[in-house]
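Trainee: According to UniProt numbering, the stretch in the sequence shown is residues 1 to 323, in order.
Bear in mind the hints are in silico, worked out from the structure with no lab data behind them.
Quick caveat: nothing in here was measured; it's all calculated off a predicted structure.
Be aware that one or more of the hints could be misleading.
[Unchecked claim] Taking lysine to aspartate or glutamate pairs in the EDC-like style, the calculated list, with each CA pair at most 20 Å apart, reads:
#: 1; residue 1: LYS42; residue 2: GLU130
#: 2; residue 1: LYS134; residue 2: GLU115
#: 3; residue 1: LYS66; residue 2: ASP56
#: 4; residue 1: LYS127; residue 2: GLU150
[To be verified] Label-pair ranges, simulated between beta-carbon atoms:
#: 5; residue 1: THR84; residue 2: THR186; range: 49 to 57 Å
#: 6; residue 1: ARG138; residue 2: ARG176; range: 13 to 21 Å
#: 7; residue 1: ARG155; residue 2: SER133; range: 16 to 24 Å
#: 8; residue 1: ASP112; residue 2: GLU152; range: 28 to 36 Å
#: 9; residue 1: HIS171; residue 2: LYS66; range: 18 to 26 Å
Note that the Cβ used here is the ideal one computed from N, Cα and C, for glycine as well.
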Amino acid sequence: MDQSREEALLKQVPDNFLITPNNYRPQGRDPTERYSGDSPEKYAVWRYEVDQKFDDDQILFQTDLKKIAYARAQLTGDAFSHMTNWKMTTPLNDQTIESFFTEIEFFSGTSDLTELAQSTLLTIRQKSGENISKFYQRISVLWTRANYSEPERIRSFIKSSNPNLTRNILHLEFSRTQQILQALRTVENRKLGIDNHQPRGPLFRNLANAGNSNSKPIPSLSSPTNNKIPPKIQSFFPPTTVKPENWTGPWYQPEDNPAKLQPGESAVLAAQGRCFRCRGSGHKASDMTICPKKNKTSRFVNLLDVDCSKDESNDEDHLKAFT
């Protein structure tokens, strides 16, 4: 109970009036629903509400036996039957409220939730079409059950989120998961704005139309031996505009005024690992915090790589560089 509220109530009581369990009016509320033990996930809410009742009405629960009697009354089904049997067969000296709760946790399987959550976090990934806020709500429940520390949550969040989002923030430092969530929301909203402003068809449609175009011939991807950067070398570098050491393959500097993309030219740029926006190496047009043309919206740019759900890049390897 709130301290100021308690003090106000005490002022209304005469000095010679003695509060006892018999004349005390309960202030706390009973749990929303009785716990049956069939759902381990519901135990945490039930336990919190029972503990809150103990705290609000301390005068009614001055011994463990009184707490056990109340908590058992808030059970139903198999859980009630099991804990009634526990009450009748357990020596009186061993009947503590903590041992009571421990027995319920063991009976319902709640004690296994931590291990199950830790196992799930090893393989969890953001689903296709799932926005970052929904994914955060889903994974944060598992962090709590797995007793993850804040640094563990940060690593888990970055590694399991969509690589086409996280690759834009790998160069930043974060101390809390809320900061990561806000950064990814910003990237997600900007990408959505670009997709709505420049709707695009499938890649094969662009390539098919290229054959019927009167524009300049499309360079072949298989003829030049240096068109493709070896993925195992390139993938270890986070997005950049400066040529890293040990870079394999040709390096292209950003262009001040790049020409309009010709049909099929985007496939060549993608094979060379170049940005559609500035034509430079080492990053994509979706890396809006890196690209020199990030503040310039060009109607000549076809952002084929800005897609949160169908990314064909090796961004998982960028995460390996982060961790």
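Trainee: The structure should be examined with respect to each hint, and the outcome stated for every one.
Mentor: How the hints compare with the structure:
Taking the CA atoms of LYS42 and GLU130, the gap is near 25 Å; set against the 20 Å cutoff, the hint is violated. For a cut-off of 20 Å, the pair hint linking LYS134 to GLU115 is broken: about 23 Å separates their Cα positions. A C-alpha spacing of about 15 Å is found between LYS66 and ASP56, which places the hinted pair at or below 20 Å, so the restraint holds. Distance hint between LYS127 and GLU150 is unfulfilled; the C-alpha atoms sit about 23 Å from each other, more than 20 Å.
Between THR84 and THR186 the beta carbons are some 55 Å apart, a value that agrees with the proposed interval 49 to 57 Å. Taking 13 to 21 Å as the suggested C-beta distance range, the pair ARG138 and ARG176 conforms, at roughly 18 Å. Between ARG155 and SER133 the Cβ separation comes to about 20 Å, which falls inside the hinted range of 16 to 24 Å. In this structure the supplied range 28 to 36 Å is violated for ASP112 paired with GLU152, their Cβ-Cβ distance being about 20 Å.
The given range of 18 to 26 Å is broken by HIS171 and LYS66, whose C-beta atoms sit roughly 58 Å from each other.
Going down the numbered hints, you'll see the structure goes against 1, 2, 4, 8, 9, while the others check out.
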